[in-house]
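**Student:** Numbering (UniProt numbering), first residue to last: 1 to 446.
Keep in mind the hints are simulated off the structure, nothing from the lab.
Be a bit skeptical, because a hint or two may be false.
[Unchecked claim] Straight-line alpha carbon distances no greater than 27 Å define the calculated DSS-like cross-link-like pairs of lysine-lysine that follow:
id : residue 1 : residue 2
1  : Lys114    : Lys411
2  : Lys411    : Lys427
3  : Lys443    : Lys343
4  : Lys411    : Lys337
5  : Lys272    : Lys343
6  : Lys272    : Lys32
7  : Lys32     : Lys7
8  : Lys421    : Lys411
9  : Lys88     : Lys32
10 : Lys114    : Lys343
11 : Lys443    : Lys272
12 : Lys114    : Lys7
13 : Lys411    : Lys343
14 : Lys337    : Lys421
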Amino acid sequence: MKSYQFKFWHFGLLVTLVIGSTAAYNLEFSDKTLFVSGEMSHGHHQIELACSSCHSDGFAGADAMQQACLNCHADELELANDSHPRKKFLDPRNAPLLTHLDARQCVTCHTEHKPEITRNMGVTLAGDFCFHCHSDIADERNSHQDFAFDSCASAGCHNFHDNRTLYEDFLMAHVGQPALLPEARLPARTAMQTWLQENPREEPLQLQQADLNVGNAHGDIAAAWAGSAHAQVTVNCSGCHSDGQMQFSSREIAEQCGSCHSEQRDAFIDGKHGMRLSAQLPQDFAARSGAMSPPQARLPMQAEATGELSCVSCHGPHETDLQFAAVEACLSCHNDKHSLAFKESAHFRSWSAGAADGVSCAGCHLPRERDGERVLVNHNQNHNLRPNDKMLPVCLNCHGAEFALSALADKELVGHNFNSKPADGHKSFDLIRDRIARIANSKKTQ
Numbered sequence: 001m002k003s004y005q006f007k008f009w010h011f012g013l014l015v016t017l018v019i020g021s022t023a024a025y026n027l028e029f030s031d032k033t034l035f036v037s038g039e040m041s042h043g044h045h046q047i048e049l050a051c052s053s054c055h056s057d058g059f060a061g062a063d064a065m066q067q068a069c070l071n072c073h074a075d076e077l078e079l080a081n082d083s084h085p086r087k088k089f090l091d092p093r094n095a096p097l098l099t100h101l102d103a104r105q106c107v108t109c110h111t112e113h114k115p116e117i118t119r120n121m122g123v124t125l126a127g128d129f130c131f132h133c134h135s136d137i138a139d140e141r142n143s144h145q146d147f148a149f150d151s152c153a154s155a156g157c158h159n160f161h162d163n164r165t166l167y168e169d170f171l172m173a174h175v176g177q178p179a180l181l182p183e184a185r186l187p188a189r190t191a192m193q194t195w196l197q198e199n200p201r202e203e204p205l206q207l208q209q210a211d212l213n214v215g216n217a218h219g220d221i222a223a224a225w226a227g228s229a230h231a232q233v234t235v236n237c238s239g240c241h242s243d244g245q246m247q248f249s250s251r252e253i254a255e256q257c258g259s260c261h262s263e264q265r266d267a268f269i270d271g272k273h274g275m276r277l278s279a280q281l282p283q284d285f286a287a288r289s290g291a292m293s294p295p296q297a298r299l300p301m302q303a304e305a306t307g308e309l310s311c312v313s314c315h316g317p318h319e320t321d322l323q324f325a326a327v328e329a330c331l332s333c334h335n336d337k338h339s340l341a342f343k344e345s346a347h348f349r350s351w352s353a354g355a356a357d358g359v360s361c362a363g364c365h366l367p368r369e370r371d372g373e374r375v376l377v378n379h380n381q382n383h384n385l386r387p388n389d390k391m392l393p394v395c396l397n398c399h400g401a402e403f404a405l406s407a408l409a410d411k412e413l414v415g416h417n418f419n420s421k422p423a424d425g426h427k428s429f430d431l432i433r434d435r436i437a438r439i440a441n442s443k444k445t446q
């Protein structure tokens, strides 16, 4: 019987089959790591392996990719009153600008998988991109003649998208304010007050009214519930443990809490803390990856902080301690310079003393926002984080605009968590004061 002789090309075919099978398995049934072409930016690294969130079809064009961006970011751009909306560049009068920068597409400025050229806020263009369309700004405004070509986006000057607190009219309305306002305090939360007003006949539930028997070994749980806001608003144990379920995944926790706190849940999922719980992510990725955990973060984290993030990471499942959630919950995970310096700041000293004007981590990073007569906490922790002058509406609860912008523009002061006063004055307000003076002089000569 004649034995089979392997040819050289047989080995090539075998290697090709092995590599192809491995790649196909990784693409269809595993985590797709073999197909990641480069590290993703700080904004998207959590969903790096949720490929189909952006790459919905291998043959889809630029419009499909643009829609993928808008699926997550359209609402934020609308809220920011985007200074460079797509419609501006669809106007034929602005067509020549597209030769410099095709601002119709998000990926023109924000290209993923390019860590070697990724700068602040995920921008992958050189720092002079403003200059290419605004090269004549020094001719139009003499006040800008001495500015560096890459200084446009300095804190307190200009942003590409969100300039709500940087427009001249806004700055003019806030010029001359004192560093510390006479009534310096954050707006008070209204949820409990509103509920009590709407339900005047309801009485808080007592410990003996708990409708789930946790046994003597867990009496502390029942006691914590009895002293919580849940018992105050007559939410019994069965409100969360409706079928006797005792253990919940991070996703189930978000769904359960969201049945009453839908606005807070949605904002939490919009932020980095909860973005992996988004229903927009592919189901296979969500099942495989789970929620975010501190060891996966890009910022320095405490070594002992390892659990998945959910609502109860900060609030606790039964005691709902808002004091703990406001500071210690943050510091139990965050180990960066800014966070660690908080307890040396004037903000912390006033907050820990119980002052009405005290400011915690949550006071700035989970801002209290007015919605008609309601004041709600925005649980999207990066809503006002970058660029950092988006934090200005929070600062204006206590500080004058020039003082606040000066502080936000000082990177060293930000790193030390505002443990001292910023330098006097801000260039934007110098320009505003010059403009006011010119207007006043022109009226005198008329």
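**Student:** Are the hints correct? Go through all of them and say.
**Tutor:** We went through each hint and held it up to the structure:
1. Lys114 with Lys411: holds, 26 Å
2. Lys411 with Lys427: holds, 16 Å
3. Lys443 with Lys343: Measuring from Cα to Cα gives roughly 51 Å; hence the hint is violated.
4. Lys411 with Lys337: Holds: lysine 411 and lysine 337 sit about 12 Å apart, inside 27 Å.
5. Lys272 with Lys343: Within the cut-off at roughly 24 Å; holds.
6. Lys272 with Lys32: holds, 22 Å
7. Lys32 with Lys7: violated, 33 Å
8. Lys421 with Lys411: holds, 13 Å
9. Lys88 with Lys32: violated, 38 Å
10. Lys114 with Lys343: violated, 37 Å
11. Lys443 with Lys272: At roughly 51 Å apart (the allowed maximum being 27 Å), lysine 272 and lysine 443 break the hint.
12. Lys114 with Lys7: Between lysine 114 and lysine 7 the Cα gap is close to 42 Å, so the pair fails against 27 Å, i.e. violated.
13. Lys411 with Lys343: Roughly 18 Å separates the two Cα atoms, so the pair holds.
14. Lys337 with Lys421: The hint holds at about 18 Å.
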